[in-house]
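Protein chains: 2
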Amino acid sequence: MLPKGFYCGGLHSGIAKNKNKNDFALFFSDSPCVVAGMFTGSIVKAAPVLIDIDRIKKYRLFQAIVANSGCANACTGKQGKKDALIVCKEIAKQLKISDTDILVASTGVIGDFLPVEKMLKAVPKLVENIKKKDELAAVSSIMTTDTYPKYISKRIKVSTGEIKIWACTKGSGMIHPNLQGFHATMLSFILTDAQLYQKQLQKVLEVAVKQSYNCVSVDGDTSTNDTVLLLSNGQSNTGKLNTQDLEIFQKALNEITLKLAKMMASDGEGATRMIEIFVKNTKKHEDAEKIAATIATSPLVKTALFGSDANWGRILAALGRAGVKLNPDRVDIYIGNIMTAKDGMAVKFDEVKAKKLLQQKECKITIDVKSGKQWARYYTCDFSYDYVKINGSYRS
Amino acid sequence: MLPKGFYCGGLHSGIAKNKNKNDFALFFSDSPCVVAGMFTGSIVKAAPVLIDIDRIKKYRLFQAIVANSGCANACTGKQGKKDALIVCKEIAKQLKISDTDILVASTGVIGDFLPVEKMLKAVPKLVENIKKKDELAAVSSIMTTDTYPKYISKRIKVSTGEIKIWACTKGSGMIHPNLQGFHATMLSFILTDAQLYQKQLQKVLEVAVKQSYNCVSVDGDTSTNDTVLLLSNGQSNTGKLNTQDLEIFQKALNEITLKLAKMMASDGEGATRMIEIFVKNTKKHEDAEKIAATIATSPLVKTALFGSDANWGRILAALGRAGVKLNPDRVDIYIGNIMTAKDGMAVKFDEVKAKKLLQQKECKITIDVKSGKQWARYYTCDFSYDYVKINGSYRS
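As they're listed, the protein sequences go chains A and B.
Numbers 1 to 396, taken from my numbering, label the letters of the first sequence in order.
Numbers 1 to 396, taken from my numbering, label the letters of the second sequence in order.
What the hints contain is simulated information worked out from the structure, not anything from laboratory work.
Mixed in with the good hints there might be a few duds.
[Said to hold, decoys possible] If you want a taste of the chain B side facing chain A, the calculated C-beta under 8 Å gives, among others:
#1 Val109
#2 Thr224
#3 Leu326
[What the hints assert, rightly or not] EDC-like cross-link-like pairs, simulated, lysine to aspartate or glutamate; straight-line CA separation at most 20 Å:
#4 Lys355/A <-> Asp112/B
#5 Lys325/B <-> Asp343/B
#6 Lys389/B <-> Asp386/A
#7 Lys355/B <-> Asp112/A
[To be verified] A short list of chain B residues far from chain A (calculated; beta carbon distances all over 12 Å):
#8 Leu2
#9 Asp30
#10 Gln94
#11 Pro115
#12 Lys125
#13 Arg155
#14 Val158
#15 Gln198
#16 Asp245
#17 Glu247
#18 Lys262
#19 Asn281
#20 Phe306
#21 Lys356
#22 Gln374
#23 Lys389
Just so you know, these numbers come straight off a predicted model, no measurement behind them.
For each residue, glycine too, the CB sits at the ideal point set by N, CA and C.
Please take these sequences and the hints and turn them into a complete structure.
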């Protein structure tokens, strides 16, 4: 259920070839929202990303997010920006708000221009639609190769009352975190009726993303369009949150984004399962992060996982090329709770049992470096025939 | 044909499960050789790599290379080194040379120990075999997932006579360069009857590898066992090479290693074609290298190439995340000679023609950054169903 004052809807406007595929979404708050945003770290930024970064710098309050699938509106230059702004303007007119109150997001094929005429024609119906608050219609409109819509909501109790958080995300290809500051990796919109200062909101979002979306990799390919937006309209009437309540809010946001991040990994393109790569006991946190990211993106590790092959040698080989200085002769590797390598060498283990663990929908691989106290985790998926199939013919 | 004074052979010793698969090779020079070596940049180094690095530091002259497939002898600790040295000793005895005259190399599954007894039993026959100078038998013994043996030789004229260079290599998975100094990426043995100082030899090898083996990627996974050895026994009787002749030698070595590097890319695991990623007009050479490497290893680019899909947006997206600062609005992209993007945006192009070019066995993609005068190239292959098949069940 959406937080107080929020509306959403989605429909097929004709961007997608498939008439049964929704492709045009609108999220709206009937009162102004404070906004926090994180965007792709790629130097190639799509038009909607450039528009949002610019607007968030210039303006303080927003009321709507317009999003589409089927066309990334990336590598489209001035025309791309112009197209997005025309659509914004029409929506603003119908919503009776200023067009600078709107943020935009797109996903789909790079290099294509938005079919502006088709979208403009669909605007009246889209604006009308949002009264129904049809979350599924909205979320399905931003799906590309996702196999199911991903959205969750949560009620949280704070000292002054109850707050709602609602969040959606879409994967499932070109997914790889970029760990620099103001950056993220996919489309995710988070709506809340809590009341927060903009700086607070930005901080809680960055903390949440660091431990969730920035720990997911499907294919190592960072997108040109990655966008995370958090809108807060304060309609819960719980007032400004005190320190303790802010902690409760942070915890809830962490949980929600982590859940969505895991969904994204397990629904990665062609994925048959999700694997958590947990690297522990490194000297520095960055070391654990580098090792986890290298293992999580290794094609040899990911294809072995598809084959449910407990080939720990490939895990150790990936660690070896991660660019971290450490003693590989201290490294232990576990598949689930089964030790498969000790001090960088083979140990006898039950291959059948390990294979069974790897065949589960979720599996954890632990790499214990035994050299310090830092850790990091990554959520990834296996590399299957279907990944090749999906991506060998994405545009056709 | 092998250079003067060199012998080689190979046979099935029982390391490989398949009885028709040669797995044990020996290369021998009947007089001492100066040696140059380059090894994996991974911090996880296999026992044979550690032995070679140590021996090349300690000793000046060598006479043989012993190599095997089917077992990488990596992540095998002290036992792994001991095993390799036992095999060396037996071969040295039979060849009537010192066991420290021998260098070793292994490829295959990580974490398994060498089947020393089987190998020792095969030594007499292997040593006997090398008289036949059966290059195919030797080279096929180091093949793993390669679909054909890769070796070439070349005669070159220098001012004082004729020199021969012979070289072999094996791919075809866990192939990705590591661009640091004393490092390389696969097994390659190069034999010559030219006469060079050790320092000269090391330098010409590094120059050759930088423009060949270090420009190849199959899967982005740097191996624990990568080894390039260049042996020179001086039997051509052409004497020490003067500056001009050294240049001729360098040119020939560049050509040979580049040919083998291309073979390795085109015979990458599951590859249906080879693609040259040519990045030009960057400010720094490292920028061009980073961009070329990122594009060459992008799963989304490589699966699109498998589908012969001229999806230049993915190429630009990969450039965007390469960690290089540049203006993406200046970038042009060509598939063969067809311009598919200009100034970071779509241009109209003949999709059918582009698809045809991508369907060739070899295709060149050019990324013109238009910001400087530096360039770099990478040889890669497409990502196919067979890559997943080969690596989902490599150990079984």
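Hints and how they fare:
The beta carbon of Val109/B comes within 7 Å of a beta carbon in chain A, closer than 8 Å, and the hint placing it at the interface holds. Restraint check, Thr224/B versus chain A: the minimum CB separation of about 5 Å is within 8 Å; hint holds. With its C-beta approaching chain A no nearer than about 7 Å, Leu326/B sits inside the 8 Å limit, and its interface hint holds. Of the supplied pair hints, the one linking Lys355/A and Asp112/B holds, its CA atoms being roughly 18 Å apart against a limit of 20 Å.
Taking the CA atoms of Lys325/B and Asp343/B, the gap is near 16 Å; set against the 20 Å cutoff, the hint holds. The hinted pair formed by Lys389/B and Asp386/A meets the criterion: a straight-line CA distance of about 12 Å does not exceed 20 Å. As the CA atoms of Lys355/B and Asp112/A are separated by approximately 18 Å, the hinted pair is consistent with the 20 Å bound. With a least beta-carbon separation of about 33 Å from chain A, Leu2/B lies farther than 12 Å from that chain, consistent with its non-interface assignment.
At roughly 37 Å, the least C-beta separation between Asp30/B and chain A is larger than 12 Å, which holds for a residue marked as non-interface. Look at Gln94/B: its CB is around 30 Å from the nearest CB on chain A, clear of 12 Å, so calling it non-interface holds up. Distance check for Pro115/B against chain A: the nearest CB is about 14 Å away, which clears 12 Å, and the non-interface claim stands. Annotated as non-interface, Lys125/B keeps its C-beta farther than 12 Å from every C-beta of chain A; the closest such distance is 29 Å.
The claim that Arg155/B is not at the interface with chain A holds, since no C-beta of that chain comes within 12 Å of its own (minimum 38 Å). With a cut of 12 Å on Cβ distances, Val158/B stays outside the contact zone with chain A, its closest approach being about 39 Å. Interface exclusion of Gln198/B from chain A stands, the closest Cβ pair being 28 Å apart, more than 12 Å. Non-interface status of Asp245/B relative to chain A is upheld: no Cβ of that chain comes within 12 Å, the nearest being about 38 Å off.
At the 12 Å boundary, the C-beta of Glu247/B stays outside the reach of chain A, the nearest C-beta of that chain being 34 Å off. The beta carbon of Lys262/B sits about 21 Å from the closest Cβ of chain A, which is more than 12 Å, so the claim that it is off the interface holds. With a cut of 12 Å on Cβ distances, Asn281/B stays outside the contact zone with chain A, its closest approach being about 16 Å. Against the 12 Å criterion, Phe306/B falls within the reach of chain A, whose nearest CB is about 5 Å from its own CB.
No beta-carbon of chain A comes within 12 Å of the beta-carbon of Lys356/B; the shortest separation is about 15 Å. With a closest Cβ-Cβ approach of about 18 Å to chain A, Gln374/B is found to remain outside the 12 Å limit, as its non-interface label requires. Distance check for Lys389/B against chain A: the nearest CB is about 8 Å away, which does not clear 12 Å, and the non-interface claim fails.
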